[in-house]
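K.L.:
The primary structure of each chain is shown beneath.
Protein chains: 2
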Amino acid sequence: MIEDKNQQRTSLSDFGEFKLIDHLTSHFDISHTSTVKGIGDDAAVLDFKDKQIVVTTDFLVEGVHFDLSYMPLKHLGYKAVIVNLSDVFAMNANATQITVSVAVSNRFSLEALEELYAGIETAAKIYNIDVVGGDTTSSTSGLLISVTAIGEVEKEDVVYRNGAKPNDLLVVTGDLGGAYMGLQVLEREKQVFLVNPNSQPDMEPYAYIMERQLKPEARKDIVKLFKDLDVKPTSMIDVSDGLSSEIIHLCKQSNVGCDLYENKIPLDPTVITACEEFNIDSTTVALNGGEDYELLFTISQEDYNKIKANPNFSVIGYMTEPHVGMHLVTRAETKIPLKAQGWNALNNQE
Amino acid sequence: MIEDKNQQRTSLSDFGEFKLIDHLTSHFDISHTSTVKGIGDDAAVLDFKDKQIVVTTDFLVEGVHFDLSYMPLKHLGYKAVIVNLSDVFAMNANATQITVSVAVSNRFSLEALEELYAGIETAAKIYNIDVVGGDTTSSTSGLLISVTAIGEVEKEDVVYRNGAKPNDLLVVTGDLGGAYMGLQVLEREKQVFLVNPNSQPDMEPYAYIMERQLKPEARKDIVKLFKDLDVKPTSMIDVSDGLSSEIIHLCKQSNVGCDLYENKIPLDPTVITACEEFNIDSTTVALNGGEDYELLFTISQEDYNKIKANPNFSVIGYMTEPHVGMHLVTRAETKIPLKAQGWNALNNQE
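Those protein sequence lines, which keep their order, are chains A and B. First residue of the first sequence? That's 1 in the UniProt record's numbering, and the numbers climb one at a time after it. First residue of the second sequence? That's 1 in the UniProt record's numbering, and the numbers climb one at a time after it.
Pulled out of the complex, with its shape left as it was, chain A reads as follows (with noise of 0.2 Å):
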């Protein structure tokens, strides 16, 4: 397990609770002039004048979401926040701040945690954002992390699920199933270690899906992206849970349709070999995989000559009239319903 892979090992008794999150977080820094007061009193104090502000909030429970056995704490929490900071530019909105609450049980040591702040700090300062708040608490049984994210946005920048209309071009940045191919190749070489400790496998062939799986990156640069070019989406969300899922929730909160091209998925090919690699069909694992943490939008096709020259967008289908459905349209032109079998927190405790 990677938290007993530290030679020095501090127990987490030795400090009190409020010691333990000053201790964590000293030496973060405070960047953004909205943050007025960061960690230290009862709350934050945020300012943020005329603009909105988001809000989000994600839960990351150790043996549901994450398996320490391969995902290094840095790691952890690195992608922790990213998966939060996610949710924010798919509002259209720039991430400011995060809290973050850690739960933890005594099998941790300081040192173990301490990991996993240098992984929310990394991301804190990749991303710019102020930690301004956060709670240290024991848990009974394993690593639970909650972060709750803030952003700001102009009033007209807001992009909601629920603005799509019929025609509109259906886009999505970079290449979908990789962080699920990468997941697979873990649970694989997780196996092989257990029978054999001394197996060396060659992981550099998956090093692209791995890091997809372990250290994902959240689309920030696709929030300025959409200023540059003068586009406002109609609708946004991020793909967090499949492809699938994320555009049933677009439809449905937008009431239209929707004609998705299979042929017109982008896909790595790192995932597609992993895909034949390990006999799974590579579109379904793009519409089911999740964690890709891509953003998915739609945009009336007035603008589709702001995008279409752009390596980051791949226009993957459109938006119908609401009585038409949600299809695929695949390879051999049939259509087929499109359903959500994303990955499922309370039906797959994997």
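Honestly, the hints are just simulated from the structure, not real lab data. Fair warning: there could be bad hints in the mix.
For identical chains, the list gives no copy identity; a pair is met inside one copy or between any two copies.
Lysine to any residue pairs mimicking SDA-like chemistry, simulated, CA-CA at most 25 Å apart [unchecked claim]:
1. K49 / I30
2. K339 / E321
3. K155 / G40
4. K155 / I39
5. K125 / P337
6. K252 / H23
Take the given structure of chain A and dock chain B to it, following the hints.
P.N.:
Leaving out everything else, chain B in the frame of chain A:
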């Protein structure tokens, strides 16, 4: 166990993650104009115009912060909200929105979660706050609740922990030690029940202190009262971990010392009676008991006339120069150093 009392039991795995949070919060009203968008998108959207906003977050963990064998789920939901609102009021701010994330193991039924959310809803209604976000996920063991509360305040009204000056009066609202003694009674009755499930104890004499433990209130009324009385405290904190550790927080962050008078500490008669019954010193309980969710603050002496007639307030001491240190002045007029021995989540896994 409370969650097994329900006649009807719907498995949580019948619900997807999204449908579950929709189901649990669909009837929650939105009442604040600052709530532009609540649950249902990637993030809530809030608009506070010229006000400052405060953000605070707290984690409640089964087996650490609560015991479901005597804490009904509805009360727990209520208390999870109160704990966070108390932090908002301790900034002299008005609480306006919360997000609620819940992780549950599969031993909980849908009806159990509905009970929990009924408590959350009740608190939201009574305190007039909007529930604007959340997340439900599975846990590998027990129930965990993470609440983030948001409030608004005029810039000039924010009260931090660090503004106390020597000679300022130290004031506390309400009375102290009740929540801790309520817990002692509940723990005792749990033991009695385990031995003899048919015992019917008379809990009436303990009604007040049990309510202080099971259904605490946050002092929203005090924030309004400060406005009415034209008082702005120089520093403020809520009493969640015991009077002693909260005073130390104010002193350290304000760089002052303090004389706290034992004979001025407000105690309800029920607390005194229970302390005698349990053979515990009532001052120790008030100093270290915690969970009272009263407000502890300092005011300049000039403001004394504004508060002296008000039954909500007890002047319990005054701040001194920092080199004098922090002391309890006992009834016997000896001075003993104040120590933080409050409830410590990481030492006492009770």
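K.L.:
Now tell me if each hint is right for this structure.
P.N.:
Right, here's what the structure says about each hint:
In this assembly of identical chains, K49 and I30 lie within 25 Å of each other by CA distance both inside one copy and across copies; the values are 18 Å within and 22 Å between. Taking CA atoms no more than 25 Å apart as the test, K339 paired with E321 passes inside one copy only; the shortest distance there is 18 Å, against 68 Å between copies. Taking identical chains as interchangeable, the C-alpha atoms of K155 and G40 lie at most 25 Å apart only when they sit on different chains, with a minimum of 18 Å there against 31 Å within one chain. With identical chains, the CA atoms of K155 and I39 are at most 25 Å apart between copies only, with a shortest distance of 18 Å across copies and 28 Å within one.
Proximity of K125 to P337 under the C-alpha cut-off of 25 Å is found in neither arrangement, the shortest distances being 43 Å within a copy and 41 Å between copies. Taking the shortest alpha-carbon separations for K252 and H23, only the inter-copy value of 16 Å comes in at or below 25 Å, while the best intra-copy value is 46 Å.
Figure legend: structure checked against the earlier numbered hints; the only hint not met is number 5.
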